[in-house]
Amino acid sequence: MLLEVKNLSVYYYTLSGVVRGAEDVSFSLREGEWVTFVGESGSGKSTVAHAVMNLVPSPGRIVSGEVLFNGKNLLTLSKEELREIRGKEITMVFQDPMTSLDPLRKVGEQIVEAMTVHGVPEDEAKERAKELFRRVNLPEDRLEYYPHQLSGGQRQRVSIAIAMAFHPKLLIADEPTTALDVIVQDAIMDILDGMKEEGTTIYFVTHDISLAAERSDRIAVMYAGKLVELGTVEQIVENPLHPYTKALIEAVPDLWKEGEVRAIPGYPPDLRNPPSGCRFHPRCPFFREGVCDAEEPELREVEKDHLVACHFPGGWRE
Amino acid sequence: MRIIDYLLKPLRGRKPGKGLLIFGLVVVLTVLAMAILAPVISPYNPTEIGEDLFAPPSWKHPMGTNNLGQDVFSRIIWGSRVILYVVAVATTLSIIIGVPLGLLSAYYGGKTDRTLSMIMDSIYSFPSLILAIVIAVVLGPSPINTAIAISFVYVPTYFRMVRGQTLSLKGQLFVEAARALGVRNREIMRKYILPNVLPTVLVVFTLSVADAILTEAGLSFLGLSVTPPTPDWGYDLHVGQPFLLDGYWWLAFFPGIMIMLLAMGFAMIGEAINERFSLGTR
Amino acid sequence: MARGLGRYIIIRALMIIPMILILYTIVFFFLRVLPGNPILAVVGTKNIPPEQLHHLEHLAGLDKPLYVQYYDYLVRMAHGDLGVTLASPMGKSVADYIKLRLPATIELTIFAFTVSVLLGLATGVLGAVKKGTKTDTAMRVYSIIAYTLFIPWFGMMLQYAFGIKLHWLPTSGRIDPGISFHAITGFYVFDAIIQGNWPALESVLAHLVLPSLTLGIVLSGAYTRLVRNNMVDVLSQDFIRAYRARGVPDRRVLWYALKNAFIPVVTLMGLQFAILLGGAVLTETTFNWPGMGTFIMDRINYRDYNSIQGAVIVFALFVGLISLIVDVIYALLDPRVEY
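Chains as they are written, first to last, in the numbering used here: chain A, 1 to 318; chain B, 1001 to 1282; chain C, 2001 to 2339.
What the hints contain is simulated information worked out from the structure, not anything from laboratory work. Treat the numbers as computed from the prediction; the structure is a model and nothing was measured. Among the clues, some could well be false.
[Unchecked claim] Here are the simulated DSSO-like pairs of lysine-lysine, each with C-alpha atoms no more than 27 Å apart in a straight line:
hint	chain 1	residue 1	chain 2	residue 2
1	A	Lys-106	A	Lys-130
2	B	Lys-1170	B	Lys-1111
3	C	Lys-2259	C	Lys-2064
4	C	Lys-2259	A	Lys-126
5	A	Lys-88	A	Lys-130
6	A	Lys-88	A	Lys-6
7	A	Lys-126	A	Lys-196
8	C	Lys-2259	B	Lys-1018
9	C	Lys-2131	C	Lys-2259
10	C	Lys-2259	A	Lys-88
11	C	Lys-2131	A	Lys-79
12	A	Lys-130	A	Lys-79
13	A	Lys-130	A	Lys-246
14	B	Lys-1111	B	Lys-1191
15	C	Lys-2130	C	Lys-2092
16	A	Lys-126	A	Lys-106
17	A	Lys-72	A	Lys-6
18	B	Lys-1018	C	Lys-2130
19	A	Lys-88	A	Lys-246
20	A	Lys-169	A	Lys-246
21	A	Lys-79	C	Lys-2092
22	C	Lys-2134	B	Lys-1018
23	A	Lys-72	A	Lys-88
24	A	Lys-6	A	Lys-79
25	C	Lys-2134	C	Lys-2259
26	C	Lys-2130	A	Lys-79
27	C	Lys-2064	A	Lys-79
28	A	Lys-126	A	Lys-6
29	C	Lys-2134	A	Lys-106
30	A	Lys-126	A	Lys-169
[What the hints assert, rightly or not] Chain C is nowhere near these chain A residues, computed Cβ spacing over 12 Å in every case:
hint	residue
31	Ser-26
32	Asn-54
33	Glu-84
34	Glu-89
35	Glu-113
36	Glu-238
37	Arg-262
38	Pro-265
39	Phe-286
From the three backbone atoms N, C-alpha and C, an ideal C-beta is built for every residue, glycine too.
Take these sequences, add in the hints, and give me the full structure.
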């Protein structure tokens, strides 16, 4: 197991109350696999991704849980040890290409620095930077450019180039293509695929389930701060067991079929005061009173490698 | 009355700016009360020359007496009138002139707007105290003249703020819609733009009152505001300075700290209101 | 890119001219148009033989119609001639006087400015890094107290504490009258250094402490708030987290954040400069500092409107120059600005 997350809870202490952004989340990632976390905004998918690197932005704080990377708990490491791992063994690509690069420095400087802080001598770093740019299909002269002189897609490629500098064991990509158009999106996904082939585990986050289905090995579904379903792509797409997952899949419009687009009724809950019991129960079409609103369902393995947190998983097939 | 309710809202609940607001209100209201009730609460006649010169603070004279035997405490109480009067008049004048000018200039645009803007910007970027000094000197020492001098210097502040707001409002859809419906310009300005501009004016007001107080104090410190024996904080501070060397600190200390407290009070209220309106994520 | 910068500077420099013209016009209006007969204001009584009155009026150029006066002065101003003093001593070149007094004000301003920026940065960064804690609130309170301090009063309190009670620092003037010192440029610190006059340097620096602190602390308040808010904004941006995700050490990340947060502060510096000059007048009066501020106040006592007019023009020029410099620095610091 490359990464084991156990009972991770992250709360945001805001002026209007404590927002329970992620509650008791547990999962594991193996080497060389591509796992995608899907969910609406506010589902906690980004929160958990950030928490893995202990980069939760204030006023958020990790209140409990462990993040074991190759056996070591990242949450209890010293600053120095964590610093060594970040950027080298675990790297991250952020959502908004407009704001994830320092606007005051040339991109070349930033990528070189990402290597020199880990002990690589400067000339070697400069050479590697050129190579990395080649791998992400960026012309070498862009190294001398400032971020604002590049397009969104190019900026994202720079971020990925930085992230692949040391052949990381784990790459966390937080909605890297959300701000880009579909064609660029594809190119980016190809690059990530390439990295996976070289052994990097891809931890992908998106709200778009069809994108998730495209390249992942496994899919994790998050709702209202909880992990509600986890399984292989085939299992999730062909046999979703959680009502929310099922609704997500059905909400994807099919280009070739006629019919209505089925949205999920209702709104995501206020995480300052989450619903009792199963957090999805107010919106669940299969809600059973007395059970779903009383007890929180645990994440259980229902079939091999397919886990669900529901009192009546797949209950509609009766 | 809804405005008051809206303003009082920060006082409820655990908001970070609450302490500031309360402190500010307490100070300002105290000084206001001082000014209004001066004839009633002042223990002595502030201009009456006494025999007890340089008496240190005591029960008889809580803030001591000055070089002319006048009771400092009484002078402080009466002095609040001058400073509040001048600042009130000055601010009112600035708003009456600056706000409509800004609105009209931005709304109608064109060469007039550009010229007026340039003039206002020039005045705004010049040290306000120095300009106020020049005007006050020419007009002569009296509270109303000081008020005029100060108001002149603050007109650009209101002008710029209102002009900026009007420019951005002018381009918004609801104004365009009104115009398409044939609403007359004057009505658009009055009903659509002005109400949206007022909150900003309020914020600018609270922030610049503290400044205006310090400017007034500066002018009177330099001897350009009132003539003796009128009690005035800035002037008394000036008079008290040489006596500091001899150890008679209370002549300068009390007027000075009153200036500072009053400015601080307004500044704190301003900060609290600013926070309330900006609804920042800080 | 360098040629673009040159053009940028020239365009900005040209914009100073209308500003000076506008201020000149305003001041001319107040000083020449309003008072009636400035000479009488100077002389005081009306019991003066008409020939003498006319002679004085001629000296001051007051016997010509207003628009001629306006234009004349403008032309002479362009040549660096700011007219002559109207009173005690009469007929001396205003420009010469200003040349003597200006360095004193500039020196004070530079030191006060440095104090204000350093203090503002320190308190602002502290507040941002400790956002939401008591330290943050303390910095906010500091900033409010600082900018509402009344300069003369604050200066006096410092004088009392450090000058009179503790006898640590001098409370007036620029240098100990007893020390032998030869001024060359008028910038005493500079002059003392290039002449190797160490006792003078010590005295000059000692005299600079209290006035610079007074003015500097008061002005730092505005910076504290802006720096803190900018830092908070910048620190919450993605690229900061991106830096951390790359393994860049915390200290360096903070430095990068500060550089980003600093840029809008540069603009504030330009605006603050005008306040600095206004505050300098009060500081100079409090500390008996022989600069432009006390010059203006002296001339006011004598109702010497010519000198006052000249001083205002010099201030305007100064303000314009500084905002030009600020603009250029801003353009140089921020790669996103196009020129």
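Indices of hints not satisfied (ascending): 3, 8, 12, 13, 15, 19, 20, 21, 27, 28, 29, 32, 33, 34 and 35
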